[in-house]
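Student: Those sequence lines, one after another, are chains G and Z. Going by my numbering, the first residue of the first sequence is number 2, and it counts up by one from there. Going by my numbering, the first residue of the second sequence is number 159, and it counts up by one from there.
In short, the hints are calculated from the structure, not lab data. Mixed in with the good hints, there may be bad ones.
[To be verified] Below are the EDC-like pairs computed for lysine to aspartate or glutamate, each with C-alpha atoms no more than 20 angstroms apart in a straight line:
1) Z:K256 <-> Z:E312
2) Z:K332 <-> Z:E322
3) G:K28 <-> Z:E407
4) Z:K162 <-> G:D184
5) Z:K193 <-> Z:E323
6) Z:K332 <-> G:E21
7) G:K28 <-> Z:E312
8) Z:K332 <-> Z:E312
9) G:K28 <-> Z:E322
10) Z:K433 <-> G:D129
11) Z:K162 <-> G:E195
12) G:K121 <-> G:D184
13) Z:K332 <-> Z:E247
14) Z:K332 <-> G:D27
15) Z:K338 <-> G:D27
[Stated by the list, open to error] Below, a sample of chain Z positions facing chain G; criterion: calculated Cβ distance under 10 angstroms:
16) E247
17) R259
18) P304
19) I418
The C-beta atom is built at its ideal place from N, Cα and C for all residues, glycine as well.
Below, each chain spelled out in residue letters.
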Amino acid sequence: MERAATIGRLDGKQSGGGHERRLFYDKCGRYLFIAAAFLMTIIIFSIIFFVGRQGLMTFAAVSPLEFFFSASWDPSLGKFGALSFIVGSLVTTLLSVAIGAPLGLLGAIFLAKVAPAWLKNIMRPATDLYVAIPSVVYGYIGLMLLVPYMRDAFGTTTGFGVLAASLVLAIMIMPTILSISTDALNAVPKPLEEASLALGATWWQTMVHVIVPAAAPGILTAVVLAMARAVGETMAVQMLIGNTPQLITSLFSPTATLTSDIVVEMGNTPFGSVWGNALFLMAFVLLILSLAMILVIRRFGTRRV
Amino acid sequence: MNAKVQNQVARAGLWCTGFFILALLAAFLGYILYKGLPVLSPHFILGKSSDMMAGGGVGSQLFNSFYMLFLSMAISIPIALGAGIYLAEYARENKLTKCIRLSVESLATVPSIVLGLFGMIVFVNMMNMGFSILGGSLTLVLLNLPMLVRVTEESIRTVPRSYEEASLALGATKLQTIFKVVLPSAMPGIITGITLTAGRALGETAILIFTAGTTVSRHMFDTDVMAGGETLAVHLWYLMSTGLVPDREAIANGIGALLILTILVFNFVLLLPIKLLGRKTKA
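Just chain G, with the same shape it has in the complex (with noise of 0.2 angstroms):
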């Protein structure tokens, strides 16, 4: 209030031709706002077409159907199928979500429904330190601990594997879950919660059936979130998974993600080349995925509270 009052004055003093002047200025403004918005309409769209038009160079040489449905990936031998890649890609991630949604649910619960003030007020800083951690520290942190530690307890050779890219990725896509879930189950009315404790419901089952229910089309919102955010994920994947270009066979042997494999190989191929494509084309298909995760957020995570 009292800066608007400041204006006033100033404004009282230049009065006069300085007016016209001003309102020159502020349709700048207006213009350069629009302008900037804009900006990331075109960013996107560029992204789109130079990712998309480098990568399906690739089908000039490659036909769709070798690097869809093919698992032999030997670039040296003319051979580009990126099967195991995407297999790879999908099963890391829904095995990541399978693991962190639940514990990201969970926490969320504890920290909207139950937790007391003060443990609030260190779980919200702590859930952000979470995602404020570096991926490459997390992939470090898996080589360090994890790796060793799966080589010994499953006696595999290498201890690299889905697994182990897994529980790395689900420890970091909880986070995600966790913030917006609970602001999901902070949104529902607290009526819906009184209504049915008042009906004899325990606490539990009112949220069994009452709230999170309620809260579904954030939850959901969070965990397409999670999965955008572990099928794009790199550093971590690439320094645990092994970086072998073959089929996934078991937990515990070594693979590739689309994601590892464009790290791995991007330094060595040409650019233009077949080989160079192929990999642009891969980081296409992971940007199709993640912009038709957006989609999926938008038809059905609109909350209904």
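With chain G's structure known, arrange chain Z on it following the hints.
Tutor: Chain Z alone, transformed into the frame defined by chain G:
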């Protein structure tokens, strides 16, 4: 009776989950700091890295990390402020606004490796920047933008409508109102968002490997934007995947600790004044 027992068990389970989540974080941080803090010495933090011999430092990488962070922020903050202001203050519910909102959301979920490859096509190859600090910074902008736009819009929306109406009623133009009334009131939220985004950008790796590269300039603290721009996080990855130095684990431990310390500073120390200020104005 059964339902009541179930209730008790569930509550106990939830408490365990809560503590498990906190304990896991504490274990992570504790492990990294325990392993890495002993490595940190002035020589390590400021020294030059070596390719083959033990005893290298991470001075250039540390400098590059902050230099690129600064460059990318200097480019993305003005654009993000503009876009956030548009979405919060001007946007009507029409097709254009919907399209922009969808773009911001999509941009936020694009995997960082895809952003990195986009930067590789456009900045590194088409614009002939090579693997450089500039190429890396420009690609980092793409990562920062959606996060910054979102926090700007959200912070502006928390400013009471009456402030704006009062300013407009006193004869200020919309632009004057935005810069002198709305933005100053939204500033604590925006600064918090900028700091958190900076923390994310600092640890980012996948986006930088193929845009800023895995080499550093021969000179220490080289501000040439065309020099190689390997950052701390990239160096950690590079060491563990292809590094040849015999003491790579020690260096990696040190980098891990440095990264975690910076994240802690960005998440808590830098935000402390804002939190204290916020408390004061509320009281």
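Student: Taking the hints in turn, state whether each one holds.
Tutor: Hints versus structure:
1. Simply put, K256 (chain Z) and E312 (chain Z) have alpha-carbon atoms about 16 angstroms apart, close enough for the 20 angstroms limit, and the pair holds.
2. With a C-alpha separation of about 9 angstroms, the suggested pair K332 (chain Z) and E322 (chain Z) falls inside the 20 angstroms cut-off, and the hint holds.
3. At most 20 angstroms may separate the alpha-carbon atoms for a hinted pair to count; K28 (chain G) and E407 (chain Z) exceed this at roughly 57 angstroms.
4. Pair hint K162 (chain Z) plus D184 (chain G) does not hold up; C-alpha atoms about 27 angstroms apart against a cutoff of 20 angstroms.
5. For the proposed pair K193 (chain Z) and E323 (chain Z), the alpha carbon gap of about 56 angstroms is over 20 angstroms, so the pair is violated.
6. With a C-alpha separation of about 13 angstroms, the suggested pairing of K332 (chain Z) with E21 (chain G) holds against the 20 angstroms cut-off.
7. As the CA atoms of K28 (chain G) and E312 (chain Z) are separated by approximately 24 angstroms, the hinted pair breaks the 20 angstroms bound.
8. Among the hinted pairs, K332 (chain Z) with E312 (chain Z) is consistent with the structure: their alpha-carbon atoms are about 19 angstroms apart, no more than 20 angstroms.
9. For a cut-off of 20 angstroms, the pair hint linking K28 (chain G) to E322 (chain Z) stands: about 18 angstroms separates their Cα positions.
10. Proposed proximity of K433 (chain Z) and D129 (chain G) is supported: the alpha carbons are some 16 angstroms apart, at most 20 angstroms.
11. Among the hinted pairs, K162 (chain Z) with E195 (chain G) is consistent with the structure: their alpha-carbon atoms are about 17 angstroms apart, no more than 20 angstroms.
12. A threshold of 20 angstroms between alpha carbons decides the hint, and for K121 (chain G) with D184 (chain G) the separation of about 13 angstroms falls inside it, so the pair holds.
13. The straight-line distance between the Cα atoms of K332 (chain Z) and E247 (chain Z) is roughly 9 angstroms, inside the 20 angstroms bound, and the hint therefore holds.
14. Under the criterion of a C-alpha separation no larger than 20 angstroms, the hint pairing K332 (chain Z) with D27 (chain G) is consistent with the structure, at around 7 angstroms.
15. Proposed proximity of K338 (chain Z) and D27 (chain G) is supported: the alpha carbons are some 13 angstroms apart, at most 20 angstroms.
16. Using the Cβ-Cβ criterion of 10 angstroms, the hint placing E247 (chain Z) at the interface with chain G is satisfied: the shortest such distance is roughly 8 angstroms.
17. Hint status for R259 (chain Z): holds, given a least beta-carbon distance of 9 angstroms to chain G, under 10 angstroms.
18. Interface restraint check: P304 (chain Z) against chain G, minimum CB-CB distance 7 angstroms, threshold 10 angstroms, status holds.
19. With its C-beta approaching chain G no nearer than about 7 angstroms, I418 (chain Z) sits inside the 10 angstroms limit, and its interface hint holds.
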